[in-house]
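Asks: Residues per chain are reported as follows:
There are 2 protein chains.
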Amino acid sequence: MEPLETEDKLNENIAQVRDLLNKQKLVENIVHRSQSTNQELVEDLVHRQHLVELQSLLAQLHTGDIAYILEVLPLEDRIVIWDQIKTERGGDVLLEVSDSVRKNLIEALSSDDLLKALNQMDGDDLAYIADDIPPALLLIRQETLTAEDQKWLQSARAYEEDTVGYLMSNEMVVVLETDTLDIAAQKLRSLKELPIHNDTLFVVDRRGTLKGILSLQDILLNDPALPIHNIMLTDIIKFSPNDDAGEASQAFARYDLVSAPVANERGKLIGRVTVDVVMDFIREETTEDVLNMAGISGEEDLFAPILSSARNRGLWLIVNLFAVFAISRIIGLFEATLAQIVSLAVLMPIVANIGGNIGNQTAALIIRGITLGQINSENTFYLFRKELGVSALNGTVIGLVVGLFAYVFYQNLSLAVVIAVSMFLTLVVAALLGMSVPILLDKMGRDPALGSSIITTATVDSVGFFIFLGLASIFLV
Amino acid sequence: MEPLETEDKLNENIAQVRDLLNKQKLVENIVHRSQSTNQELVEDLVHRQHLVELQSLLAQLHTGDIAYILEVLPLEDRIVIWDQIKTERGGDVLLEVSDSVRKNLIEALSSDDLLKALNQMDGDDLAYIADDIPPALLLIRQETLTAEDQKWLQSARAYEEDTVGYLMSNEMVVVLETDTLDIAAQKLRSLKELPIHNDTLFVVDRRGTLKGILSLQDILLNDPALPIHNIMLTDIIKFSPNDDAGEASQAFARYDLVSAPVANERGKLIGRVTVDVVMDFIREETTEDVLNMAGISGEEDLFAPILSSARNRGLWLIVNLFAVFAISRIIGLFEATLAQIVSLAVLMPIVANIGGNIGNQTAALIIRGITLGQINSENTFYLFRKELGVSALNGTVIGLVVGLFAYVFYQNLSLAVVIAVSMFLTLVVAALLGMSVPILLDKMGRDPALGSSIITTATVDSVGFFIFLGLASIFLV
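In order, the protein sequences belong to chains A and B. Each residue of the first sequence is one higher than the last, beginning at 120 in the working numbering. Each residue of the second sequence is one higher than the last, beginning at 120 in the working numbering.
Honestly, I wouldn't trust all of these hints.
Chain copies aren't distinguished; within one or between two, either way the pair holds.
Taking lysine-lysine and the DSSO-like style, the derived pairs with C-alpha atoms no more than 30 Å apart in a straight line are [stated by the list, open to error]:
1) 311 <-> 357
2) 205 <-> 357
3) 562 <-> 306
4) 270 <-> 387
5) 205 <-> 505
6) 505 <-> 222
7) 235 <-> 222
8) 562 <-> 357
9) 357 <-> 505
10) 330 <-> 311
11) 270 <-> 235
12) 306 <-> 387
13) 205 <-> 330
14) 311 <-> 505
15) 306 <-> 222
16) 387 <-> 205
17) 387 <-> 330
Hints in this document: simulated from the structure, not taken from any laboratory. Quick caveat, the model's predicted, so the values are computed rather than measured.
Please work from the sequences and hints to get the whole structure.
Replies: Printed below as a string of structure tokens:
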């Protein structure tokens, strides 16, 4: 039996090594943020319902990791994970997930579970997600807040979603300009917990007016006996709570900021914006353009239930339906011409398809320019002229090629000329529409990307069919 | 004459006040980063050729502001501004502008001017833009670098554009784990200039192996006599130079990082990545999706000359041409059917247009999911099932509505049923294509967004026309 025993032993050893390796892998993961492995492990445990192991794995993960894993799982799996973390980190995780996933979770959680999570949040956290919480629950939570937190929650909720006031937090270290650096250092030491991204302290006078900023480096590198106002920076970037969040995030990128003070119209320091919030804002904002262009509300959660996804895309599809019925009626005007020259039906989708794509190209350029803050009343005219030039150039080349194609298949010179000219005209109109639609939406205070692809395709199709069939009725019948 | 003199005096006073107000406005601008006013002032001075005033205004602006203003102006204006700043800040500004504007500037500048700017850069800066510089000029500049900078330039250039190695810098403060906090503070004081975003120092052993990080706060808040290894954080997020830049930027967002160390495969500290670089990367990367989907190379400069813009969009338009010719030939197969039933020509663009839009909606969702790192082999199957469900649901509703529309206008039940069924089938295929195209492109290592809108529209159009006209030939003729 000995050989067998040895083999058993060997196998046992191998199993132990494997186990150790696996444990090692876990530790490695956490340190090396190999996110995909973490995620696979979690998904595996969720599906095998190994809840004890799942809990211990989740306990080792960063809140950001848990939020990320929730993002990429369907609702039922989200709930399994939520049950494991809710008692300790429910509040933190709810803050970290994206808007759409948060809404999805809040809908699915019991009032009791949700209230548990809310109880882990302070006034600042609550203000950030208040709009998504059922008002009755928020009221219950609100009553147990400190007076200061209640006040902050109320004032912060007064700001609209796309403003600096909405992004700002009240966590910051404030010092008096007349204090010394040493007192500033003592103040830091006296705090139980320092705010995130605390690269600078904010300096105020006795009345709370923002006077400047004092970096940690300056405290560290200068004589502790010096007064703060000798050292602080006064030429600073500050925001007003009503500033546009998009513009503020551009300022963060442009001036390489980590944190910046927010002051009200009387110059009083009221809050702080940090780069982590700005980065999340940029990520959500810029990637939403892609969805909005296609006519999807930017909030759609990739793993939302079928019914809510279908509803989410429904609005623009209704717009789309009305548009195509109009297009069909425009073509219907030329039914007699189509009955006479059937080749028109074969060729007309060429005009519509290329026209739609050119319109979308121009719209995409303009939408990106608006998102990056590169388009203003000064340069709009220049851009119109330029895009017209580009489309005329491309329209000439494409018109000639399409005309040639039509001639090769139908040996009809008039038909070839009609489609070439239609192609050129449609492309110029497409470029004009691709520019005008997002700029007009933006001027109207709407999201310039919203539905632009559907609007552009529909209008360019209508115009293209009308030009092509109209010219054909005049010159070919 | 007195009244006149008084009036003169008054006017002079008004002028002075106005002048002061304007000056005040300038100062206010710089402090309050009212970017649009700065930009208007600069544009005005450029156009009026007030070069002296322009120079003094530019001298007061942050490098980030100048880079931004260059972004939103055509080339000839960019050159006027460049001439005013080149001697002192040409290098810095060249680093700050976006890739496309940098390329545009480098092409337009004289070798002499460009070399001046390059001479203002160190090895780290040069590595960042090296690919855009004419090799001969880079060689000239390289020879005057210090040996250390030359070495850095060479090793940094070895990394591909979308890796952490490409984003990393060699500017960092490194301390030994055996030193005390006091020695770390002394080291900081001894530096002439501190690196940007220097929130943490990196701790190594004698062999240069990364051991942990030490935050400025920890230096400030602890007993200076303590050794660094007692205080430093060892459970840290670090990157390898070959890590994907997109994944690293997601880690920055997920873990709220300001700076993070980069270590090679032997664990040796080789560089540092900071949040400003990551934020720029995210802004360029995510906003490029919008362009790429529409078939524009992501690098297009909004204010590039017409010819280069036309060329930039030309490649995908050629693809588009081939695609529409194929579509037209598919319709051509059914010429006989179309000649018999002209209403088919009137109705068929409905199928193509809605189908294309549904395909684009699905593609947009998937592209965004890939950009945000939310799609992996684990959840692809789930997503396919879900998107099929959404399209079947929307397809049923839309099919019925379109069928009703056809019936109202043509009083032909068979025709109504054929278009309703075609609509349903096309929408399901559109969703499948909208999912498959970006996922396949991504699996092939290509940008999932590239040309997806053109590819999706073309394939959905072909399929839609084929299904509709095919069913019509079978059941209506």
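Asks: Indicate, hint by hint, whether the structure satisfies it.
Replies: Now the hints, each set against the structure:
no. : hint        : result
1   : 311 <-> 357 : both (27 Å within a copy, 27 Å between copies)
2   : 205 <-> 357 : between (37 Å within a copy, 29 Å between copies)
3   : 562 <-> 306 : neither (48 Å within a copy, 53 Å between copies)
4   : 270 <-> 387 : within (16 Å within a copy, 50 Å between copies)
5   : 205 <-> 505 : between (56 Å within a copy, 28 Å between copies)
6   : 505 <-> 222 : between (43 Å within a copy, 19 Å between copies)
7   : 235 <-> 222 : within (16 Å within a copy, 54 Å between copies)
8   : 562 <-> 357 : within (26 Å within a copy, 44 Å between copies)
9   : 357 <-> 505 : neither (36 Å within a copy, 46 Å between copies)
10  : 330 <-> 311 : both (26 Å within a copy, 27 Å between copies)
11  : 270 <-> 235 : within (21 Å within a copy, 56 Å between copies)
12  : 306 <-> 387 : within (21 Å within a copy, 37 Å between copies)
13  : 205 <-> 330 : neither (42 Å within a copy, 34 Å between copies)
14  : 311 <-> 505 : neither (59 Å within a copy, 48 Å between copies)
15  : 306 <-> 222 : neither (39 Å within a copy, 49 Å between copies)
16  : 387 <-> 205 : neither (38 Å within a copy, 39 Å between copies)
17  : 387 <-> 330 : within (9 Å within a copy, 43 Å between copies)
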